[in-house]
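These protein sequences, in sequence, are chains A and B. Here our numbering is used: the first residue of the first sequence is 1, the next is one more, and so on. Here our numbering is used: the first residue of the second sequence is 1001, the next is one more, and so on.
Among these hints, one or two may not hold up.
[What the hints assert, rightly or not] Here are the computed lysine-lysine pairs in the PhoX-like style, where the Cα-Cα straight-line distance is at most 25 Å:
| no. | chain 1 | residue 1 | chain 2 | residue 2 |
| --- | --- | --- | --- | --- |
| 1 | B | 1071 | B | 1054 |
| 2 | A | 71 | A | 95 |
| 3 | B | 1054 | A | 57 |
| 4 | B | 1056 | B | 1071 |
| 5 | B | 1054 | A | 95 |
| 6 | B | 1054 | B | 1068 |
| 7 | A | 9 | B | 1056 |
| 8 | B | 1056 | B | 1068 |
| 9 | A | 9 | B | 1071 |
Hints listed in this document are in silico derivations from the structure and should not be mistaken for laboratory results. These numbers were taken from a predicted model, which means no experiment stands behind them.
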Amino acid sequence: DGGITQSPKYLFRKEGQNVTLSCEQNLNHDAMYWYRQDPGQGLRLIYYSQIVNDFQKGDIAEGYSVSREKKESFPLTVTSAQKNPTAFYLCASSKGFSGNTIYFGEGSWLTVV
Amino acid sequence: DQQVKQNSPSLSVQEGRISILNCDYTNSMFDYFLWYKKYPAEGPTFLISISSIKDKNEDGRFTVFLNKSAKHLSLHIVPSQPGDSAVYFCAASVAGSARQLTFGSGTQLTVLP
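Input sequences plus hints: build the corresponding full structure.
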């Protein structure tokens, strides 16, 4: 079945450590996205990528980094520079970048301890 | 500045009745609107969308209405079912730019049996 797979589902990190969240899609979508959701808030865009080897900062990119070496993969690294990393992270993808619906993965819970 | 607003954080409806979820936006450049449904600890799933050239789009029990002059859209669910209990996000995007969706903060719908 086609879809977006995020791993791990739950992750605990000590302060000062970097952590990488995986996102893989087999939908042959060109565009991929990372969002963050905090309680009582909407989804906020961290980074997006329209095509392989290209990505752009979203609204809240500080403290995060991404790579897009393959069409199907868009990992997100939460660095120690991110002040409030505890959140629910959502990866998404869309077929194109114009007039298309985006589809989400199941999400990853990151907790900093 | 929130460009997409869902002013009701929660809504309770009796099973079988109509659920009406509202969303207001401020950016007149938005031309594509979507509704997503989200269960706890899961990624949002796409429900229904509408282009600004239409004022209504229907899909089964779900209907989205768009009032461009009022910058308002609403999602109607008829009849409501207990399985509809979830958080509903509206989202909007602008043509011609990177299709980044701007999300509202969500409305928790509870359908009472």
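*Where does the structure disagree with the numbered hints, that is, which hint numbers, in rising order?*
Checked against the structure, the hints that fail are numbers 3, 7, 9, while the rest are satisfied.
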